[in-house]
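K.L.:
Here the protein sequences come in this chain order: A and B.
By my numbering, the letter at position 83 of the first sequence is numbered 83, and the numbering carries on one by one without gaps.
By my numbering, the letter at position 148 of the second sequence is numbered 148, and the numbering carries on one by one without gaps.
What the hints contain is simulated information worked out from the structure, not anything from laboratory work.
From a predicted model like this one, the values you see are computed outputs, not experimental measurements.
The reader is advised that the hints may include incorrect statements.
Treat identical chains as interchangeable: a pair holds within one or across any two.
[Stated by the list, open to error] Below are the DSSO-like pairs computed for lysine-lysine, each with C-alpha atoms no more than 30 Å apart in a straight line:
id: 1; residue 1: K186; residue 2: K26
id: 2; residue 1: K258; residue 2: K26
id: 3; residue 1: K160; residue 2: K68
id: 4; residue 1: K115; residue 2: K70
id: 5; residue 1: K26; residue 2: K172
id: 6; residue 1: K247; residue 2: K99
id: 7; residue 1: K169; residue 2: K115
id: 8; residue 1: K26; residue 2: K169
id: 9; residue 1: K186; residue 2: K169
id: 10; residue 1: K247; residue 2: K98
id: 11; residue 1: K228; residue 2: K258
Protein chains: 2
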Amino acid sequence: MRSSEKTELACSVEIICVGNELLIGKTLNTNAQWLADQVTRFGGKVTRITEISDDVREIASVVGEALKRKVDFVITSGGLGPTFDDKTLRGISRATGKKLKLNPEALRLVRDRYKEMSLPKRLRLTKPRVKMAILPEGAGPIPNPVGTAPGVLVESGAAKLISLPGVPKELKAIFERSVAEMIRRKSGDRVFYESSMSVRGVVESALSPLIDRVMQRNRQVYVKSHPKGGEGRGGALIELHFSLIEKSREEARERVIKAIIDMVRMLGKRR
Amino acid sequence: MRSSEKTELACSVEIICVGNELLIGKTLNTNAQWLADQVTRFGGKVTRITEISDDVREIASVVGEALKRKVDFVITSGGLGPTFDDKTLRGISRATGKKLKLNPEALRLVRDRYKEMSLPKRLRLTKPRVKMAILPEGAGPIPNPVGTAPGVLVESGAAKLISLPGVPKELKAIFERSVAEMIRRKSGDRVFYESSMSVRGVVESALSPLIDRVMQRNRQVYVKSHPKGGEGRGGALIELHFSLIEKSREEARERVIKAIIDMVRMLGKRR
Chain A
1 MRSSEKTELA
11 CSVEIICVGN
21 ELLIGKTLNT
31 NAQWLADQVT
41 RFGGKVTRIT
51 EISDDVREIA
61 SVVGEALKRK
71 VDFVITSGGL
81 GPTFDDKTLR
91 GISRATGKKL
101 KLNPEALRLV
111 RDRYKEMSLP
121 KRLRLTKPRV
131 KMAILPEGAG
141 PIPNPVGTAP
151 GVLVESGAAK
161 LISLPGVPKE
171 LKAIFERSVA
181 EMIRRKSGDR
191 VFYESSMSVR
201 GVVESALSPL
211 IDRVMQRNRQ
221 VYVKSHPKGG
231 EGRGGALIEL
241 HFSLIEKSRE
251 EARERVIKAI
261 IDMVRMLGKR
271 R
Chain B
1 MRSSEKTELA
11 CSVEIICVGN
21 ELLIGKTLNT
31 NAQWLADQVT
41 RFGGKVTRIT
51 EISDDVREIA
61 SVVGEALKRK
71 VDFVITSGGL
81 GPTFDDKTLR
91 GISRATGKKL
101 KLNPEALRLV
111 RDRYKEMSLP
121 KRLRLTKPRV
131 KMAILPEGAG
141 PIPNPVGTAP
151 GVLVESGAAK
161 LISLPGVPKE
171 LKAIFERSVA
181 EMIRRKSGDR
191 VFYESSMSVR
201 GVVESALSPL
211 IDRVMQRNRQ
221 VYVKSHPKGG
231 EGRGGALIEL
241 HFSLIEKSRE
251 EARERVIKAI
261 IDMVRMLGKR
271 R
């Protein structure tokens, strides 16, 4: 039991989203969904997503909890910019015990971005901008192809802490260019495979024992029902979602298809 | 310091969303945003949002952590239905030590719903349906005006644990009918007030010291900058968001307006 779980979690990932705007319901957290989808595609397993406020103590405590759970990656979004309430790196510094200091490589990246913006020289490296190059000791900046604040990689024990800006365009660009490959390598090229079928005219509670049986007969394939509401003429529509993580796409596909066939047969017998 | 924080957190709320579909990036978590917006409107303060998988141990551990943080409310969404992977109440039972047992009041609510659907009698109370009436000891069902699984209220110490179904329509109906009022009462009728202004032609890093000063001069008003991207002809567009929680709407409005005027004056001097 323990060992099979271990194999499945070849690459575990926690996502932490920082920003008061999430907690007051001002902003829909599309970053978390995008990151979860990407991590899953590259064979990683997202085990938890947490949204917290722009508060150093809170960030430090959530990052510390994730590290205690021995995940392979902690990916944060938000709180990397030049303003007062960009506190993610202070939180990470506190959680890991790595002091904040000016990182020459990051400073070069920030300086180059503002040079490209062709501002007069005296406006280029103001104090709030230099702040974006102050990183936890031993950290490496991750280039930001579309914005000014670089991403940040901090290693703590066996875990990699990756901090990305909250602006979706920048978060995506940094992830695609540099982070996706780290996940893929750690997961050992596993693939996530999913497929859905729709069922009409069977209520969810009647599907429940069939789902149980399909999952017992198709180990590791995860089946979940999602009621799509709207009781139409033929009854409610329910989506059945089948998924698993496997070493090869072909094997994954084959096992999911077998599970779907099992389900279709059982539904057929029922009628 | 401690005491002012205490006042501000007159009604603290954690939101826990249960569902593998969130962790694989299949579903955008609109429930969390909707709940956070509603809680904020009714004067509550959301301190953390967590998304976890359909796993009893994981649910129990996240609920237990929230209770240790002494929040007033824990609101869960998802995992209340009739199927195998609806495990929220088992998790809450484990976290609170309250055993699961058949709740006669909940059973009556479930039975009445299936009666309304006018199914043949033998199809009404199948085992998976009865499961929806098995609640932690001492819990109270919360009527679901638009679906079959009732919401559930469990009291643990001073905290109220409220479990809502994951189907957005049902979650919203139960919240609006029964939960909103509990939050409003606990928060002592506080109101959240917010207002935004847009600034063009000033980069975010240059706004940072102005935001600091406005927040120092207008205690409790929280100011946050949100870059809206797209460097137009007049420079990037940045939204400045002002908010606070106050006892009266008039007082809140007055204080936010004063902060906005301060900001406008400082921006004027700068040019």
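K.L.:
Hint by hint, say whether it matches the structure.
P.N.:
Results for each hint:
{"no.": "1", "hint": "K186 / K26", "in the structure": "between (35 Å within a copy, 22 Å between copies)"}
{"no.": "2", "hint": "K258 / K26", "in the structure": "between (43 Å within a copy, 22 Å between copies)"}
{"no.": "3", "hint": "K160 / K68", "in the structure": "both (13 Å within a copy, 28 Å between copies)"}
{"no.": "4", "hint": "K115 / K70", "in the structure": "neither (41 Å within a copy, 49 Å between copies)"}
{"no.": "5", "hint": "K26 / K172", "in the structure": "both (21 Å within a copy, 17 Å between copies)"}
{"no.": "6", "hint": "K247 / K99", "in the structure": "neither (40 Å within a copy, 40 Å between copies)"}
{"no.": "7", "hint": "K169 / K115", "in the structure": "within (21 Å within a copy, 51 Å between copies)"}
{"no.": "8", "hint": "K26 / K169", "in the structure": "both (19 Å within a copy, 20 Å between copies)"}
{"no.": "9", "hint": "K186 / K169", "in the structure": "within (25 Å within a copy, 39 Å between copies)"}
{"no.": "10", "hint": "K247 / K98", "in the structure": "neither (37 Å within a copy, 41 Å between copies)"}
{"no.": "11", "hint": "K228 / K258", "in the structure": "within (24 Å within a copy, 47 Å between copies)"}
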